[in-house]
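Novice: Each chain, letter by letter, is given below.
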Amino acid sequence: MNPILHELQNKQWVWTAAQSRCSSADSSRVKTGFKHLDKALSGGFPAAGMVHIHSHLGCGELRLMLAALQAQTMRQIKENETQTASEKNAASNDKLWVFIAPPFVINAEFLLAHNINLNQVILIQPDTYEEVLWSAEQCAKSGACASVFIWQNTLKHQQVRRLELASLQGQCHCFWFDNSQQQKSNLPLSLSLSLTREDSDILQVKINKQKVGWAKAPVKVKVPFVCRTGKLFTQKQTPLAGKNIVHLHKLT
Amino acid sequence: MQFDTRSLWIYLHFSQLQLDTIEQSYSKSVDQQAQVKEPLAVYHAQSNQLVQINHAAQSRGIKRGMGLASASLLYSNLKLFEYKESLEKTHLTQLANALYLITSDIVIMEPSGLVLRAQNMLHLYGGLKPYWHSVSQVLAKHGFHYQSACAFSIQAAKLMARLGVGIISDERSAINTQLKACALHASDILPKDIEKLKRIGVMQVAELDRIPLSELANRISRYSLDIISELRGQAPSKVSFFQPKSHYRDYIELLYEITNTDKLQPVLKHTLEKFSQFLYLRNAQCLHIDIQLFQREHEPMLLGVDSAMPIYRSQDWLEIITLKLDKVQLLSPIYAIALSCDEYENVALSNEDFFARKSTHIAAMSLLSRLGGKLGSDKIRGLRFVQDFRPECSSQLCDYTAIASNGEPNATKSAENSIFADRPGLLLAEPSLLTQKVKVIKGPERVLSGWWEDKNVSRDYYIGQSDQGQQLWLFKTPEQQWYLHGYFI
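Note that the protein sequences, when read in sequence, are chains A and B.
Numbering that gives the first Met the number 0 numbers the first residue of the first sequence as 0 and each following residue consecutively.
Numbering that gives the first Met the number 0 numbers the first residue of the second sequence as 0 and each following residue consecutively.
Okay, chain A solo, but in the shape it has when bound (with noise of 0.2 Å):
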């Protein structure tokens, strides 16, 4: 092989196709929970890095992730976990999630309802711009957390490979919210999402980009409500009435 490309293979500048299919089942990638959405994804989400959605606000963004970060974290507690409960207890406290600078509130009990341990919610709300990337870089650098959540329209290049590099240092997911109007391209992400809603249920996810992989059409994904009392509608009633129905035909 050329030398130039053996060192670049090394470093891992370059990638072969090859590569991207045994990657599928690389068992770092965390899965999304929506089979479609792996395949297209090579396994899932990366391990660690820096993930843009480019969405309008409120489109089930942050509803498409969580249950696949709760379930990184979770099974790196099982991974941990050994015999005694006080080691469980420590290792469930671990890693903070921090939301830097939300447009609104954070709704605890949206939290609460996808299992996340208020203690380790942590929220900053800095002045100015600078300080808001400033928290960032050093939120996903330190180690400490799980997934930082930033809200910002316009970061510079330069910003988001700082930011990358970051949450690769520190192993942690650094989600970056982008609802402007214009695409962005070119930018080192270690992956990049575009969400539109197409019905009241579906997503459709268009991967802009991905590190290792081909360019794949768009995938829908099912994002439904986390809604107990519609769950108990739905789940419930409706077969109760189905029973009711044959019961009502059996008696005539």
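For the record, the hints were derived by calculation from the structure and aren't laboratory data.
The structure displayed is predicted, hence computed values, not measured ones.
Where hints are given, some of them may not hold.
[As the list claims (entries may be wrong)] Covered, in the sense of this in silico footprint (three residues per stretch, anywhere, with C-beta under 8 Å from a C-beta of chain A), are these stretches of chain B: (1) 368-376; (2) 421-431; (3) 468-476.
C-beta: ideal position from N, C-alpha, C; glycine also.
With chain A's structure known, arrange chain B on it following the hints.
Specialist: The following block gives chain B in isolation, referenced to the frame of chain A:
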């Protein structure tokens, strides 16, 4: 406290404590060779004398005790510092603190002397030689010039140390021969009594010894008489021993005024290293320190620095302080800084094993301290869930220290307790009037609460979807007005 006349004492005389500290800070801050060659002197304004001079000044013919005029004639660029007794005192206390670790009884003789009671340490160290060895090692670390002497009374040791003729020995005869040659003028005997003694031909200790005490009694004052009897080893000395303070204070005068906070870094680093040494020796950690920046033309600025987790290492503190300093605006140049810590706690012995609580806890705590230091701790908030049906009341921001203590019981309650899980991720702080076209996809859910207080809520909540696919949380008031209250992210 009184002591018998058989105790062995060591007197340490620091002849140029202030000058030494000045020279040390010079060599730390600037290029060493260039600066210490410059003649420096410490000037005592009241007596119009140069009290401490360095080698470079000596080589230009300047002598101790000279007036300002004659010194400036000899060398006009002589750098002068005003003599400060308080400064020497603080340094003496620091030295005493350092020596306290290896020796038990220390007396501070202000302004420039320390007395160690060697007698009771001899047994521990197995003789004077190893004891003196460890004492001199501590002294060498501080790098001050000193003259030492050993004697069986404090006054005798003091006299010899001041004259610089002291020896470190516990042989009575050797000490006595050394003492006998000493001139009286360096002792504590009052100057007018020295004059009187001079008239009767007594200049040295040896000559003094020949005269019985009773004969001297009607010639000189009572005070001087006590000193003479101590010198002879006939009376015990009355001293009180040094007790280390339980709080930490440090004050550093800067060599030049600093206007830029970046330049404070090296000074702070040095100060914090001393502080961390203080904590380390006491097996202690602390949560809060105060730093005072003395400004030339304004009130001193007080910076309280907090850590989310008890720490002692200077690097950790420096990291937080640097962030804090970034935000500080200096009104006028700083001429001194002070560091103080009133409360510290002993490091709790934990029998957790190494792997149980992984290092992420420490990482999280130091992250929080860093963020709090830079952004201000009011910008870092935790989240708390309160059992309330009104959505705007159920999520409350709280202090992030709750996270540090891990003590919030209701925060760990999981989804089982909240039946109303159909809640948006983002809530508007104030519901706003709905202005866009939406399609209702779920609802209604009626919330009627708070009628017992001002925040009365009576709403029918719906989930709606806009044309852009945004899922919104809406409510309708009894007045048939539609409001937007949240986003399902």
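Novice: The structure should be examined with respect to each hint, and the outcome stated for every one.
Specialist: Going down the list of hints, with the structure as the test:
With a threshold of 8 Å between beta carbons, the proposed coverage of the region 368-376 of chain B by chain A holds, since 4 of its residues qualify and at least three are required. Look at the region 421-431 of chain B against chain A: 8 of its residues bring a Cβ nearer than 8 Å to a Cβ of that chain, three or more, so the hint holds. With a cut-off of 8 Å between beta carbons, the region 468-476 of chain B has 4 residues touching chain A; three or more are needed, and the interface restraint holds.
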